[in-house]
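Participant: Here is how the chains run, residue by residue.
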Amino acid sequence: VSDRTLHPLSALSGIAVPGRYGKEEGEPSVVITELTGLGLATVACRKGQASALSAAVRKA
Amino acid sequence: MLASAVRTYVNRFGVAPGRRAVVFADNDDAFRTASDLAHAGVEVVALVDAGHGPSRHAQAAAEASRAPYFPGAVIERVRGGQGIKGVAIRDTSGVTQHFDCDLVAMSGGWNPSVHLTTHLNGKPKWSERLSALVPDALPPGMSVAGAAQGDFGLAACLAGGEAAGAEAAQGCGFTPKPSTRRDVSDESEPASPIWQVAKGRGKAFVDFQNDVAVSDIKLAAREGFRIPEHLKRYTTLGMATDQGKTANANGAAVLAGVTGRYLGAVGTTTFRPPFTPVAISAFAGHHRGPDFRPARLAPSHQWAKEQGAVFVETGPWLRALYYPRRGEEPQDAVNREVANVRSHVGVCDVSTLGKIDVQGSDAGVFLDRVYGNTFSTLAVGKARYGVMLREDGFVLDDGTTARLKQDHYYVTTTTVNAVKVMQHLEFCAQVLWPELDVQMVSVTEQWAQYAVAGPRARDVLQAIVDPTYDISNEAFPYLAAGEVTVCGRTPGRLFRLSFSGELAYEVAVPARFGDALIRKIVEVGAAYGIAPYGTEALGVLRIEKGHPAGGELNGQTTAHDLGLGKLLSTKKDFIGRFMAARPALIDSSRPTLVGLRPVNREDRLRAGAHLLPNGAEATAANDQGYVTSIAFSPSLGHWLALGLLTNGPERHGEIMRAYDPVRGGDVEVEICPPCHIDPEGNRLRV
Chain U
2 VSDRTLHPLS ALSGIAVPGR YGKEEGEPSV VITELTGLGL ATVACRKGQA
52 SALSAAVRKA
Chain R
58 MLASAVRTYV NRFGVAPGRR AVVFADNDDA FRTASDLAHA GVEVVALVDA
108 GHGPSRHAQA AAEASRAPYF PGAVIERVRG GQGIKGVAIR DTSGVTQHFD
158 CDLVAMSGGW NPSVHLTTHL NGKPKWSERL SALVPDALPP GMSVAGAAQG
208 DFGLAACLAG GEAAGAEAAQ GCGFTPKPST RRDVSDESEP ASPIWQVAKG
258 RGKAFVDFQN DVAVSDIKLA AREGFRIPEH LKRYTTLGMA TDQGKTANAN
308 GAAVLAGVTG RYLGAVGTTT FRPPFTPVAI SAFAGHHRGP DFRPARLAPS
358 HQWAKEQGAV FVETGPWLRA LYYPRRGEEP QDAVNREVAN VRSHVGVCDV
408 STLGKIDVQG SDAGVFLDRV YGNTFSTLAV GKARYGVMLR EDGFVLDDGT
458 TARLKQDHYY VTTTTVNAVK VMQHLEFCAQ VLWPELDVQM VSVTEQWAQY
508 AVAGPRARDV LQAIVDPTYD ISNEAFPYLA AGEVTVCGRT PGRLFRLSFS
558 GELAYEVAVP ARFGDALIRK IVEVGAAYGI APYGTEALGV LRIEKGHPAG
608 GELNGQTTAH DLGLGKLLST KKDFIGRFMA ARPALIDSSR PTLVGLRPVN
658 REDRLRAGAH LLPNGAEATA ANDQGYVTSI AFSPSLGHWL ALGLLTNGPE
708 RHGEIMRAYD PVRGGDVEVE ICPPCHIDPE GNRLRV
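Read top to bottom, the protein sequences are chains U and R.
Take 2 as the starting number for the first sequence in this note's numbering and just add one per residue.
Take 58 as the starting number for the second sequence in this note's numbering and just add one per residue.
Since the hints were derived computationally from the structure, they do not count as laboratory data.
The structure presented is a predicted model; accordingly, all values stated were derived computationally and were not measured.
Quick reminder that beta carbons are idealized off the backbone N, C-alpha and C, glycines included.
Computed beta-carbon distance windows for the label pairs:
1. V32/U <-> R742/R: 53 to 59 Å
2. L39/U <-> R345/R: 31 to 37 Å
3. E363/R <-> R5/U: 20 to 26 Å
4. G15/U <-> P491/R: 42 to 48 Å
5. A673/R <-> G15/U: 53 to 59 Å
6. S30/U <-> Y442/R: 49 to 55 Å
7. P491/R <-> A61/U: 24 to 30 Å
8. L39/U <-> E363/R: 25 to 31 Å
9. A221/R <-> A17/U: 43 to 49 Å
10. L54/U <-> V488/R: 18 to 24 Å
11. L54/U <-> F70/R: 58 to 64 Å
12. G15/U <-> N679/R: 53 to 59 Å
13. R639/R <-> K48/U: 31 to 37 Å
14. F70/R <-> V32/U: 32 to 38 Å
Partial pick of chain R residues on the chain U-facing surface, computed with a CB cut under 10 Å:
15. K362
16. V500
17. I521
Full structure from sequences and hints, please.
Facilitator: Below is the structure:
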């Protein structure tokens with residue numbers, strides 16, 4: 002196989018189409034831009050480790 | 058029809074409620090209806106002014122609509138049955154004239170909207186000037202301005218609104234600016250009330266929503282219901298959605314007249330909002346039709362769409378049903394996809410299965426309690442099929458669970474039950490056993506997962522999984538599970554699971570790589586004859602293998618019914634264990650899972666058909682079970698089915714009737730074991 006690497010695709014691909022929408026002149030009504038480079042994480046702690054988690058999050 | 062309603066039809070909706078109209082009113086505002094009707098092209102045949110003296114507004118409206126004006130007159134009779142045919146107008150001299158018409162626009166003036174104030178225990182008072190109830194002592198923190206206060210004229214509305222606004226601003230610590238006076242005049246004079254037409258003929262309705270007539274109010278008074286609250290209960294006057302909006306003032310006036318009391322002393326009911334009807338669609342919003350709820354798209358959706366897949370709703374998801382090729386009928390496509398899995402290799406997006414990450418030192422104990430079978434003994438790097446019961450002993454869900462680390466399990470559920478199972482597990486962890494060290498989170502949408510099934514599945518996966526991982530049968534046997542990397546160090550998970558009964562793997566990657574992975578699998582699989590298969594083929598494959606699914610996991614079956622009784626541990630407690638042992642649930646005559654095949658191999662089977670002894674009459678007494686799932690098996694060349702049959706396992710070889718009165722089906726079927734393909738399970742272990 003030539004290129005084995007998998008390239009990520011946003012879940013919004015094909016759904017949120019970036020661009021300018023609404024009236025054609027003047028200030029646009031809506032501009033859609035996908036923000037990348039942001040991460041969302043669910044962090045759950047083990048039993049009795051709530052304070053340790055809070056400390057870790059604060060440190061991060 | 059109320060004059061204001063006529064104006065709404067004409068001005069807002071552009072609809073003429075009639076072709077020949079008579080306007081009958083006692084107030085200036087209503088006469089605008091005549092002008093508006095005339096402007097819209099509706100003929101106004103008479104303008105009947107019940108006020109005490111000629112009104113300049115009414116005269117102006119009569120001129121604008123070129124209608125004869127009758128000051129001080131009343132309509133004494135309306136003709137018509139299903140619709141209005143004409144009216145009899147009696148003028149001040151007592152002379153009656155008849156007019157043909159098909160619309161009467163009438164008005165007794167406006168009522169202030171006091172409902173919000175009375176809902177909060179404010180008591181309205183009677184205004185003699187307006188002949189209407191107006192707010193009196195207000196609930197704390199409430200101000201009323203404009204028409205709701207009884208200020209119907211524009212000048213009064215502006216002044217009242219300004220005063221209320223200034224008071225509110227002051228209350229918030231601001232200094233109100235001096236007002237800019239506007240030069241406006243009031244458009245109309247208060248009404249000269251007419252509560253009912255004296256010597257009117259026929260039934261006189263007061264409440265148009267509840268069909269309460271003057272005669273009903275008089276009867277109520279005779280029966281002793283002389284207080285508005287009692288009158289309301291006796292006659293339904295002012296009940297329901299309009300909350301007396303149009304009827305209560307008139308009703309109170311009639312009651313006052315009948316009982317010889319001052320109108321202001323009669324009292325009121327408690328008006329409550331809302332009295333303006335709200336369309337159901339306003340509550341439903343856009344949640345209708347295909348927008349009833351947002352469809353969840355599988356990671357391979359875009360790619361599947363490019364392949365021309367036909368989609369189907371499964372739970373909240375859209376899944377590929379099949380992938381027709383040019384000129385293929387749906388059944389041909391499904392047959393081809395199934396045959397390709399059995400002979401070569403197929404790929405199916407199984408990301409929609411519920412996926413739950415369960416971690417903690419007590420994770421194994423926790424799963425032992427929620428599953429009928431045991432998971433604490435499952436070796437790390439292994440997966441096991443499990444069945445979960447409800448408290449009442451019936452099957453809740455099934456799926457495979459893999460142990461990735463000593464304290465880390467990866468639970469899968471059926472697509473449809475994903476949320477239900479997650480809620481169940483959370484309830485168990487948080488409420489039933491809070492002492493356990495176990496945490497869980499749904500990761501259904503975090504992982505894209507593909508089943509790669511068929512004799513060439515390993516060939517395909519070897520080109521996907523990085524070579525540092527040995528996925529041979531020896532190193533990674535049936536029911537093995539583990540973390541791997543794929544396509545050059547993309548993190549992934551690999552499971553040796555098979556729903557089809559063939560050599561199969563399920564490979565998972567973070568969802569954002571799902572699109573790339575399906576493309577890569579198909580690219581490298583081309584050399585091995587890979588073809589995608591949809592949920593229809595998935596269903597055929599599992600019916601050929603005799604695996605229970607939606608048709609059998611129907612909330613009414615036990616593990617024993619489904620042939621899964623041996624999975625239930627006798628060495629531990631688990632949810633549903635006790636109730637599953639109830640006599641009715643272990644009765645051997647319960648309908649139990651069987652396979653079915655037509656005696657005449659050309660016959661088609663239908664899900665839902667009843668199973669009757671061969672030759673027996675089609676009666677409820679002879680009904681011994683039913684067909685739960687059907688499929689045309691391209692592997693065997695005929696239709697197959699699964700069903701639930703009384704004493705099923707003891708009846709293999711018996712010929713029965715599959716009777717389907719709904720679609721006119723009546724075929725002979727042979728009862729057989731559920732598994733039709735490779736019952737020893739050799740293919741999936743190679």
